[in-house]
Each structure stands twice: as structure tokens, then as C-alpha cells.
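Here's the letter readout for the chains.
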Amino acid sequence: MEEIEISAKTVDEAIQTALEQLGVENDQVEVVVLNKGRLGLLGMGSEDAKVKVKLLAEKNGNGDVVKMAREVLDKIIEFMGLSAKVTTGKSETDSLLVTLDVEGDDLGILIGRHGQTLTSLQYIVRLIVAEKSKMWVPFNIDVAGYKKRRYDSLRNLALRVAEQVKRSQRMLTLEPMPADERRIVHITLASHPDVATQSMGEGEMRKVAVMVKKR
Amino acid sequence: MKELVEYIAKAIVRAPEEVKVTEETDDEGVVVKLEVAADDKGRVIGRQGRVAEAMRTLLRVVATKESVRVRLEIV
Numbered sequence: 765m766e767e768i769e770i771s772a773k774t775v776d777e778a779i780q781t782a783l784e785q786l787g788v789e790n791d792q793v794e795v796v797v798l799n800k801g802r803l804g805l806l807g808m809g810s811e812d813a814k815v816k817v818k819l820l821a822e823k824n825g826n827g828d829v830v831k832m833a834r835e836v837l838d839k840i841i842e843f844m845g846l847s848a849k850v851t852t853g854k855s856e857t858d859s860l861l862v863t864l865d866v867e868g869d870d871l872g873i874l875i876g877r878h879g880q881t882l883t884s885l886q887y888i889v890r891l892i893v894a895e896k897s898k899m900w901v902p903f904n905i906d907v908a909g910y911k912k913r914r915y916d917s918l919r920n921l922a923l924r925v926a927e928q929v930k931r932s933q934r935m936l937t938l939e940p941m942p943a944d945e946r947r948i949v950h951i952t953l954a955s956h957p958d959v960a961t962q963s964m965g966e967g968e969m970r971k972v973a974v975m976v977k978k979r
Numbered sequence: 004m005k006e007l008v009e010y011i012a013k014a015i016v017r018a019p020e021e022v023k024v025t026e027e028t029d030d031e032g033v034v035v036k037l038e039v040a041a042d043d044k045g046r047v048i049g050r051q052g053r054v055a056e057a058m059r060t061l062l063r064v065v066a067t068k069e070s071v072r073v074r075l076e077i078v
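One line per chain: the protein sequences are H and L, in this order. Residue 896 in our numbering is what sits at position 132 of the first sequence, and the numbering runs on without skipping anything. Residue 54 in our numbering is what sits at position 51 of the second sequence, and the numbering runs on without skipping anything.
The set of hints was computed from the structure by calculation and includes no laboratory data.
No more than 20 Å apart at the CA atoms, straight line, and that leaves these computed lysine-lysine pairs for PhoX-like:
1) L:K5 x H:K839
2) H:K800 x H:K816
3) L:K13 x H:K839
4) H:K800 x H:K818
5) H:K896 x L:K13
6) H:K831 x H:K898
7) L:K13 x L:K44
8) L:K36 x L:K5
9) H:K839 x H:K896
10) L:K44 x L:K5
11) H:K816 x H:K773
12) H:K896 x H:K831
13) L:K68 x H:K849
14) L:K23 x L:K5
15) L:K23 x H:K839
16) H:K896 x L:K44
17) H:K978 x H:K773
18) L:K13 x H:K898
19) H:K977 x H:K930
20) H:K839 x L:K68
21) L:K23 x L:K36
22) H:K977 x H:K816
23) H:K800 x H:K977
24) L:K13 x L:K36
Modelling step: build the complete structure from the supplied sequences, incorporating the hints.
Quick look at the structure:
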């Protein structure tokens, strides 16, 4: 069973960051608070909060459910009057996830501005599959390699920003981005020796901050 | 457009037999009306309207392709 430990200023922030790294909602995990943390006085004697977050269900995609997801996606594409081919594969970006790849002509329309249509499509398909299977299975939907390209450029961006933060010793905040994209940034920098990441802000304005790691 | 909404709605409600979708055209474009059982209304709207919003986004793709305007009304 997968579990991770995360430190942050407060318990809430640590839990949020952990959920983003795992790519799940809070009803799918068990949280153990290892250290409540202390704010300290004028920055002295402060201590980071630390939590352990454990996944409740096995995260491996169940073959039947993936097949179901593919059928649902096929149907929706058909009802939208588009023709495209859906293939299933292990995600290149994330070994825990299954990716449903949609390939075809003129699929820009299915991606939308900033991938908004793709986000809606994935949301609806996940919802339907969860309702049908009574199970939560992580899968991603990608259209014409859009997410793969986006994730690649986010990884580059994360590494560049980390270098900048290390050099300047100052915190930098990235543009607001959706949960899956923030997750890529968190994961990319999770093992970085000099910087730590944390999400801040609410809803559509939520963004990742990259800061110097405390020794 | 009707088929798309009908398929999604029936898949996420508890009472699919009570899902009724109609499609009509007025001077502002196509109106897709989705009717579900009272208990299912929350499911097709979703938390903070997320489900309805996602359905509208997908509908808009179809409408753009057909060069029309579309509205989704949940009644």
C-alpha cells in the first residue's frame, strides 16, 4: 500500500500537498499526523508539521474497469459526432496510472483552451465509471498527446524554477494551474535536494510555490 | 446533442428511467432541456455546478462543429 510523508508549515497544508502528490481526494486516504508543528515566535523555535498519508485502496488499475472506461469514452466521442481511436496504455508520465489515448484528425476541438475541454471530458468519464463500478480507479485521458507535451514542459519549467530558487534563495510562485499539473510539479521536485514545493490559493487560483528547503 | 446529454445523465443518476431530454430551437439557438428525478438533480449539477459545467463544455464542442449556439437547462 502506498504511503508518503510530507512536511509543511501547517497540518492542513501538508495534507493538501500529499493529496496532490498522490492524485487523490481526501476520502481515499488515511491521515496520520506525525507532528502538529509550531509556528514559533518571530520565526524562532518554529517546527514544521508532518503528516503520513496512506492510500486506502490499491491504486493499480483494474483491467475490467479500464475496459469500461474505454467503452464510456468511445460512446461519448461518438455522441459528440467525432471520430477518433482510443487506445489504452500505461502512462509514461506516471507509472501508477493508466492512460486512455485518443487519436484522430482535428482533435484540437476536444482539447479546448488550456485543455479545458479535455479536463471536462476526463471528469465526466471518471464520474460515469465510478458510478458504474462503485470503485475509484485512476486513469488519465489524453488527446493527441496534449497532456504528455504539457507535462514534459512543466517538468522542464519546474527544474528551471528550482535552479532559480536555489540561486536566489527566494521563493517563486508558478502560474495558477489545475490539480493534475500541480501534481507534476510536486512530483518532479519531490526528491530535489535544495527546494520544497507547496500549493497555495483556492480553486482556480491555486498555484505551486517553490521555496528553499529548510535544513 | 440530445443524445450526448441523455447518455451522460442516465449514467450518473439513480433513476435513469426518469431522465427526459428534449431539444428545441429558438432565436438564440438550440436549447437542450434535461429533466431528472428530484433526488437526482444534485447529481447532474454536481458540487459547485461542476457536472453541469462539464456537460456544457462538451455540448459546446458539438455546437461549435455545427455552427450553432447551445444552452443546457436543467429543469
